[in-house]
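There are 2 protein chains.
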Amino acid sequence: MHALVLGAGRVGQAIARDLAADSTWRVTLVDRSPEALASVARRAEVHTVEADLADAATLRRLAGDHELVVGALPSFLGFAALEAVAGTGRPYVDISFFEEDPSVLDETARRHDSTVVMDCGVAPGCSNLILGRALADFEKVERFVCLVGGLPAERRWPWEYKAPFAPNDVINEYTRPARFVEGGEVVVRPALSDLELVDFPGVGTLEAFNTDGLRTLLRLPVPWMKEMTMRYPGHAEKMRALRESGFFSPEPVEVEGARVSPLALTSKLLFRQWRLEEEDEDLTVMRVVVEGRRGGRRERDTWDMVDRRDPESGLSSMARTTGFTCAAVARLVASGRFQKAGVSAPEEVGADAGCFEAVMAELAARGVRFERRVEEMESA
Amino acid sequence: MHALVLGAGRVGQAIARDLAADSTWRVTLVDRSPEALASVARRAEVHTVEADLADAATLRRLAGDHELVVGALPSFLGFAALEAVAGTGRPYVDISFFEEDPSVLDETARRHDSTVVMDCGVAPGCSNLILGRALADFEKVERFVCLVGGLPAERRWPWEYKAPFAPNDVINEYTRPARFVEGGEVVVRPALSDLELVDFPGVGTLEAFNTDGLRTLLRLPVPWMKEMTMRYPGHAEKMRALRESGFFSPEPVEVEGARVSPLALTSKLLFRQWRLEEEDEDLTVMRVVVEGRRGGRRERDTWDMVDRRDPESGLSSMARTTGFTCAAVARLVASGRFQKAGVSAPEEVGADAGCFEAVMAELAARGVRFERRVEEMESA
Numbered sequence: 122m123h124a125l126v127l128g129a130g131r132v133g134q135a136i137a138r139d140l141a142a143d144s145t146w147r148v149t150l151v152d153r154s155p156e157a158l159a160s161v162a163r164r165a166e167v168h169t170v171e172a173d174l175a176d177a178a179t180l181r182r183l184a185g186d187h188e189l190v191v192g193a194l195p196s197f198l199g200f201a202a203l204e205a206v207a208g209t210g211r212p213y214v215d216i217s218f219f220e221e222d223p224s225v226l227d228e229t230a231r232r233h234d235s236t237v238v239m240d241c242g243v244a245p246g247c248s249n250l251i252l253g254r255a256l257a258d259f260e261k262v263e264r265f266v267c268l269v270g271g272l273p274a275e276r277r278w279p280w281e282y283k284a285p286f287a288p289n290d291v292i293n294e295y296t297r298p299a300r301f302v303e304g305g306e307v308v309v310r311p312a313l314s315d316l317e318l319v320d321f322p323g324v325g326t327l328e329a330f331n332t333d334g335l336r337t338l339l340r341l342p343v344p345w346m347k348e349m350t351m352r353y354p355g356h357a358e359k360m361r362a363l364r365e366s367g368f369f370s371p372e373p374v375e376v377e378g379a380r381v382s383p384l385a386l387t388s389k390l391l392f393r394q395w396r397l398e399e400e401d402e403d404l405t406v407m408r409v410v411v412e413g414r415r416g417g418r419r420e421r422d423t424w425d426m427v428d429r430r431d432p433e434s435g436l437s438s439m440a441r442t443t444g445f446t447c448a449a450v451a452r453l454v455a456s457g458r459f460q461k462a463g464v465s466a467p468e469e470v471g472a473d474a475g476c477f478e479a480v481m482a483e484l485a486a487r488g489v490r491f492e493r494r495v496e497e498m499e500s501a
Numbered sequence: 122m123h124a125l126v127l128g129a130g131r132v133g134q135a136i137a138r139d140l141a142a143d144s145t146w147r148v149t150l151v152d153r154s155p156e157a158l159a160s161v162a163r164r165a166e167v168h169t170v171e172a173d174l175a176d177a178a179t180l181r182r183l184a185g186d187h188e189l190v191v192g193a194l195p196s197f198l199g200f201a202a203l204e205a206v207a208g209t210g211r212p213y214v215d216i217s218f219f220e221e222d223p224s225v226l227d228e229t230a231r232r233h234d235s236t237v238v239m240d241c242g243v244a245p246g247c248s249n250l251i252l253g254r255a256l257a258d259f260e261k262v263e264r265f266v267c268l269v270g271g272l273p274a275e276r277r278w279p280w281e282y283k284a285p286f287a288p289n290d291v292i293n294e295y296t297r298p299a300r301f302v303e304g305g306e307v308v309v310r311p312a313l314s315d316l317e318l319v320d321f322p323g324v325g326t327l328e329a330f331n332t333d334g335l336r337t338l339l340r341l342p343v344p345w346m347k348e349m350t351m352r353y354p355g356h357a358e359k360m361r362a363l364r365e366s367g368f369f370s371p372e373p374v375e376v377e378g379a380r381v382s383p384l385a386l387t388s389k390l391l392f393r394q395w396r397l398e399e400e401d402e403d404l405t406v407m408r409v410v411v412e413g414r415r416g417g418r419r420e421r422d423t424w425d426m427v428d429r430r431d432p433e434s435g436l437s438s439m440a441r442t443t444g445f446t447c448a449a450v451a452r453l454v455a456s457g458r459f460q461k462a463g464v465s466a467p468e469e470v471g472a473d474a475g476c477f478e479a480v481m482a483e484l485a486a487r488g489v490r491f492e493r494r495v496e497e498m499e500s501a
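Chains as they are written, first to last, in my numbering: chain A, 122 to 501; chain B, 122 to 501.
Chain A with its partners taken away, still in its complex shape:
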């Protein structure tokens, strides 16, 4: 398989290295930064191409030369890249987490009979695989809850947080209203609301709060669904204080004769403190709960995952969990085990037991282990 990986950031690097480790794959990695490319090339057998990933013509040409494309771009470049590649009919697996609605490209992908899978990371990603599997496994899924957080191992006052992905996307998570499903209806809550404490063995107590992470899952026939983000306790209170005081507002304010967006200044100040350095240990913590009827009983499946940076590979936990999931789905698409013309979400991959088990097995082989606990619940 001859694959093109777009983006040599933390996640793109993990994907390229993971795919290249398989001798039946040839991997071309594209990025604007020669340093980022060189850093990967030192560690894995990848062909590198220095190019501007915002240039659609270049993307189309490169995609045309490969059998499969994997997108690991900053969110603001993700949709345009998918749009460029979709026109070539090449299968595409993406983790760029862009905001735009990819369904407008569904028609194009179908016309080329090509398989496109978006949101193939942890959450969205693994959470979708689990719910997709549950919908096939349960007679009826009644409730889905996903708690997820990327955290620094070292808790440093005052924020006790480092951003394992673009920090703008973090503040965006704290301001974008969160959409849930309650009693079959979509409801909207403010981000950072409904704070609760959650204990994770080996990690300690974390706080969970509402964020808008359900994305494609909102379409599924599950009457109760919510997604929450986890941080060390105290983080949300400070973020809310900043947000409610206007520090996250993009609207310019007049200060000493100049007009300034508080969000821009706040981003600048916080990102100095939130920068996850190459050598910083991070962890990914996740809990997915699915409740429903199965085999005549009411059951609850709880999936827990705690992953840490791998000092040997130097890959951050966020890069591992996101990148390995994406690479695993890319393999399913390459082998034809997952094949569906159009733009799919990972819940469609997870619906197939074989595909689901394959992804979970690949993650486990790389140390990313989901522990599943099944409980019987009282009948409602």
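Because the hints were derived from the structure by calculation, they are not lab data.
Note that the structure is predicted; figures quoted are calculated from it, not measured.
There could be a bad hint or two in this list.
Copies of the same chain look alike in the list, so a pair counts if it works inside one copy or between any two.
Using 20 angstroms as the maximum straight-line C-alpha spacing, the simulated DMTMM-like pairs for lysine to aspartate or glutamate come out as follows [unchecked claim]:
id	residue 1	residue 2
1	Lys389	Glu281
2	Lys261	Glu469
3	Lys389	Glu377
4	Lys359	Glu328
5	Lys359	Asp333
6	Lys359	Glu281
7	Lys261	Glu496
The hints should help you fit chain B onto chain A, whose structure is shown.
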């Protein structure tokens, strides 16, 4: 007595109204704002003059027409006003809380044989009166602690704070290193440090933290002295988080092509939330502790004061406690009970038992009551 009051803000208004209530006083109130002047004139028999208080020539002319001057100006105007008035030889009582060292005007005041008393508010002010009295009363004062806070009665998330005086001066309190005396030596601690909890009957639990409020008291022969500011618990932690992240830095930062002082933007955003409205109920909370040897015993005097806005007069608690103290000292100076050529601090007024009791009695008559508790301590 024909008195000139500079400034018709919250405190100047309280002073003017209090002095004008005495039929033997004629009060002229000066301010730039006709609205502020009219508001006082509706409530008290004061003569009003609309003038720019930053204009030294005007100040000199006005001072020359009066027997005594009281300064209740914003801190940035305070020193220049004192300087202008000192040249006229008129006695001056001030609560402008300016940062400059007034001792450079001591020579001028002495030459005119005029009495100048600065810092005549609550803290500095009442705290200085108490320590001045204690130094005369005890054989040896070993320790002085002053805890003070101006608070809104209604605690509103997230800051639980309103600024009863210029908000810039509040952030300045949170950034200026705090000077204390420990074992006879001046030590410097960061503002907002050494957080502790303090219970006040009728108010509840407050937090106290280091601020730089000792000012003239630093000169006194007391081996242990500290001043702390009180807020509702949680405030200091958030302020420290902002400070440590650079939000209080005056150094410009480049944001979207413009250069902006984070402090200027932060001030603008926070002051919207910190604005104490005319009808907001505020309270002043104070505890002064003096320990030392008296009559052969080791004793501790604890002075507690809790004062609230007076709905009848419409005067905020900060205006009451500050303004009434200033008015009381103005009466002492006017009557000649306190007379000392040069620039004095309130501890010099408090050294005289008669002066001290007179101020305390005037405060009590207006509902501002200090409760004194005397305890015997174990011998060291």
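Status of the hints after comparison with the structure:
Taking identical chains as interchangeable, the C-alpha atoms of Lys389 and Glu281 lie at most 20 angstroms apart only when both belong to the same chain, with a minimum of 17 angstroms there against 27 angstroms between chains. For the homomeric pair Lys261 and Glu469, the shortest alpha-carbon distance inside one copy (17 angstroms) is at most 20 angstroms, but the shortest distance between copies (82 angstroms) is not. Taking identical chains as interchangeable, the C-alpha atoms of Lys389 and Glu377 lie at most 20 angstroms apart whether they share a chain (19 angstroms) or sit on different chains (10 angstroms). Taking the closest pair of Cα atoms, Lys359 and Glu328 come within 20 angstroms of each other both inside a single copy (13 angstroms) and across two copies (18 angstroms).
With identical chains, the CA atoms of Lys359 and Asp333 are at most 20 angstroms apart within one copy only, with a shortest distance of 19 angstroms there and 26 angstroms across copies. Taking the shortest Cα distances, Lys359 and Glu281 sit within 20 angstroms of each other both inside one copy (11 angstroms) and across copies (14 angstroms). Taking CA atoms no more than 20 angstroms apart as the test, Lys261 paired with Glu496 passes inside one copy only; the shortest distance there is 16 angstroms, against 72 angstroms between copies.
Every hint, counting from the list given before, is met by this structure.
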